[in-house]
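Enquirer: Read off the chains here:
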Amino acid sequence: MIPAVLFYLFGAGTLATAACVVFGRRAVESAMWLIACFFFLSAEFLLLGFPFLAALQIMVYVGAIMVLFLFVIMLLGVQGVQPLRGRTAVTAGMVVAVMLASLGVIAAAGHAGLTEQPAPPDMDAMTRALFTDYLLPFELTSVLLVAAIAGALTLGRSPRTPDPAAPPEERP
Amino acid sequence: MDVPPLRTAVTILVGFGAMMSLAAGMTLVERRLSAFIQERYGPNRVGPFGLLQPLADLIKFVFKEELLPAGANPVLFKLAPALAAIPAMLTFAAIPFGFYDGRPIVVADMEIGVLYILAIGSLGVYGIILGGWASNNKYSLLGGLRASAQMVSYELSLVLSLVAVLAVTGDMNLSRIVLAQDSLWNVFTQPLACLVFLVTMFAETNRHPFDFAECEPELVGGFHTEYSGMRFALFFLGEYIAMVVMAALMAVLFFGGCDVPFLAIADTPWWAGALAMLAKTGFFLVLYVWVRWTLPRFRYDQLMWLGWRVLLPLSLLNLAVTGAWLALSGPAGPGGAH
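Residue numbers (my numbering), protein chains in the order written: chain A, 46 to 217; chain B, 56 to 393.
Next up, chain A with everything else stripped away, as it sits in the complex (with noise of 0.2 Å):
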């Protein structure tokens, strides 16, 4: 009964903090109220006994990748993050809006009830199936980050300067 209750309560947690994150006026507290909605959802984890996953959720998420936000956002500062008018806001709803409801439809037609909860692999099952079953995809998604880091970097690099690993008094 305590843990029925306490997932939805974890789970409005994390609808309410989702809100929050979309509606904030700055985007500092924008990507506090994400750091709390990363709380709910690895408090979810835990209440359906994936503690390796809750953990992974709070080391990865919340220890790494909002700290890397932070960082930006406060390095651009908060005139740098404009908010979006007019027509990109509305082509930006529209999108959510389709990818929501394909979710809502992908959901209803599988089993999405919480009627039979599956047991809890142990740590050593799930590993030897990332490696050998799912080795293919888990290989494929880190060429995929290593392109997406790759291309962020030529992105990024200013043309002007060609060398960013030049001292910075050679700069113009």
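Heads up, a few of these hints could be off.
Computed footprint of chain B on chain A; a stretch qualifies when at least three of its residues, placed anywhere within it, have a C-beta under 8 Å from a C-beta of chain B [as the list claims (entries may be wrong)]:
(1) 96–103
(2) 114–121
Facing chain A, according to a computed beta carbon distance under 10 Å, are these residues of chain B, among others [unchecked claim]:
(3) Leu178
(4) Tyr181
(5) Leu185
Keep in mind that the hints were calculated from the coordinates and are not lab data. Just so it is clear, the structure is predicted and the values come from calculations on it, not from any experiment. In this text, a Cβ means the ideal position worked out from N, Cα and C, and glycines have one as well.
Given chain A, work out where chain B should sit, using these hints.
Expert: Chain B only, in chain A's frame:
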């Protein structure tokens, strides 16, 4: 899981008390030891040998005025010190201090103890970043930015050095990692990982020679420039507890935890084991102070160079060698190394 509730309650109480007194005692040790290294006396007036100095400090902090700088974000400014202190306190829950009645002396004996400490420990940087940002002060902001870049860079090497240890032990539960070192400490099988962990442990706790977030000659006080009173004290409480946790983690992962040398853990009386664990933790805590008053501070570019060009390749190399050795020496899986 079937630990009696009374024992859990007692462990929590004793553990919390031990954590707070270790952190408070550490402030005194730091001041007395730095005075000793610089041929001064240090605080020796309050109580015998100055032992009550932390208490006097606490009373002073509580009664000081809390200032809120103009233009600061009031919510985040007040939240940041708590965010610095609470994660550090939470990580202490997973540190095993010995074995009593066949069960580990620990608040929460988790299957994923190492991951838990890494996950919660990585949150401490938020207090520093937000404190720096919310103060509406350029020095504070620079301190916060430095801290975030430094933490992200060094956490990679920290985690990779731990992965090699986990691969050798085949377990993530801290008390079983202690038991696995009964005959041979991990420092002898993983010397390189131990070295990398030692360096990153200083960087992760923002301690000298990597204390760029509060580098006094450049940044006044860094992220805590605008803080006063108890909020200022909370930042330091968080830092000292993080030091205690890292020193204890070092003892548990590499130096056998509560294992007394040349004595099997099962034959050791529980108090001797706990004392051995405290002695090992204490040694690394003193090492923090010793290094601080012996070495000069790095430059920030040297810090990044050390993190990305030296420590990261070293820990990757160590991981590769460990993996190859484990694969060649026997069947894979837990206990395959022995």
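Enquirer: Could you run down the list of hints and mark each one as holding or not?
Expert: Do the hints match the structure? See the list:
1. 96–103: holds (count 5)
2. 114–121: The restraint on the segment 114–121 of chain A holds, since 4 of its residues have a Cβ under 8 Å from chain B and three suffice.
3. Leu178: Because about 6 Å separates Leu178 (chain B) from the closest Cβ in chain A, which is inside the 10 Å limit, the hint holds.
4. Tyr181: 7 Å, holds
5. Leu185: Nearest chain A Cβ about 8 Å off; hint holds.
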